[in-house]
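Asks: Given next are the chains, with one letter for each unit.
Protein chains: 2
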Amino acid sequence: MNFSSKLLEDAVAEFAKLPGVGQKTALRLVLHLLNQDKSDVEKFSASISKLRNEIQFCEVCLNISDHTICQICASPKRDHSVICVVEDTRDVMAIENTNQYNGVYHVLGGLISPMDGIGPSDLQVDSLVERLKNDEVKEIIFALSATMEGDTTIFYLHKRLKSFDITISTIARGIAFGGELEYVDEITLGRSITTRVPYTNSLSK
Amino acid sequence: MNFSSKLLEDAVAEFAKLPGVGQKTALRLVLHLLNQDKSDVEKFSASISKLRNEIQFCEVCLNISDHTICQICASPKRDHSVICVVEDTRDVMAIENTNQYNGVYHVLGGLISPMDGIGPSDLQVDSLVERLKNDEVKEIIFALSATMEGDTTIFYLHKRLKSFDITISTIARGIAFGGELEYVDEITLGRSITTRVPYTNSLSK
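Residue numbers (full-length UniProt numbering), protein chains in the order written: chain P, 1 to 205; chain B, 1 to 205.
Because the hints were derived from the structure by calculation, they are not lab data. Take these hints with a grain of salt, some might be off.
[As the list claims (entries may be wrong)] With the Cβ distance kept under 8 Å, some of the chain P side facing chain B (calculated, not the full set):
1. ASP10
2. LEU18
3. VAL30
4. LEU31
5. LYS38
6. VAL41
7. SER45
8. ILE48
9. ILE64
10. SER65
11. ARG90
12. ASP91
13. GLU96
Idealized CB from N, CA, C, for every residue including glycine.
Work the whole structure out from these sequences, hints included.
Replies: Spelled out as structure tokens, the structure:
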């Protein structure tokens with residue numbers, strides 16, 4: 001693109017580095033910001049810089065937090081004997097939004113993916129093992145993506161954790177609620193038949 | 001959404017103000033920035049704030065520029081007797097990318113749109129009239145969107161400018177090059193039949 005201004009070109013280049021943002025979208029966003037009040041743009045710019053410089057990670061579950069211990073880990077109302085292992089903050093938010101879980105979390109910070117050069121040492125596995133040495137923990141729930149990377153991570157963690165006297169479970173996989181059978185992909189449908197559950201059990205819960 | 005951090009929530013809220021960016025996309029972008037080096041995020045944040053504070057608009061054509069007169073207006077190689085009237089900077093860039101135009105521009109900064117409360121006084125019309133008082137200008141080309149707003153703006157500008165002794169033209173409308181007839185909408189196809197051009201003329205140019 002032929003930019004009429006170096007400042008504009010720089011800002012567009014920075015925006016275009018964001019995931020899923022191309023040159024055209026970046027230009028649209030930058031021109032939108034140019035039309036805003038200076039104070040609004042300053043607020044936008046400051047919020048990002050402040051976030052990156054002041055953000056902390058909870059010392060217990062490693063979730064993003066404003067304090068050394070996050071709200072969930074600090075809450076006495078939560079069940080600290082159940083730990084839900086997730087990939088990142090987004091998953092914590094997604095599970096919190098269901099209002100179905102009252103335990104605590106452990107944020108791995110990624111999934112094992114040899115293709116991307118991410119091994120177990122890049123994830124927060126040791127800190128999870130440390131937490132399990134506390135007698136309080138009774139159950140670990142793996143809430144990881146149903147992908148090759150998620151399955152590899154579960155397989156690895158299961159091997160590392162099976163020596164502990166705790167229940168290890170994964171979230172249920174199958175057809176989605178409200179999903180029509182004809183649109184479900186073959187793998188999910190096939191697996192949901194082989195992993196079928198007794199009728200009363202599945203609906204009464 | 002339940003955010004685990006106020007800083008995160010603020011940054012997501014700022015990103016979600018951008019056009020076409022919802023809460024989920026905003027969160028994805030913010031988490032991406034959190035994973036970057038502090039210096040990179042600082043660069044991102046600074047480029048935006050610098051752009052907003054230091055950007056200038058060319059005194060002649062009102063295009064975004066780093067100087068008081070933009071490169072195009074300052075260039076002796078351009079034909080200053082032809083002015084192409086466009087809506088905004090993006091249109092200048094689009095036309096520059098065609099390498100088919102050697103004149104100069106005039107950026108209106110918008111289109112007349114009573115629905116959005118944008119009238120002629122919100123656009124750079126007076127400065128265009130001032131430019132025409134210079135004897136040098138021989139032709140005005142309207143390169144505005146083929147929408148109701150674009151047509152309204154052309155109608156208004158034509159009324160304002162017709163007293164000057166200059167050629168007033170608009171860019172050609174019709175079916176796009178490479179477009180298959182069966183996929184062209186009725187209005188474009190209908191108009192392209194009524195505004196048909198002599199055969200030799202259309203292909204030799």
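Asks: Let me make sure I understand: some of the numbered hints might not hold for this structure. Which ones are they, in numerical order?
Replies: Failing hint: just 12.
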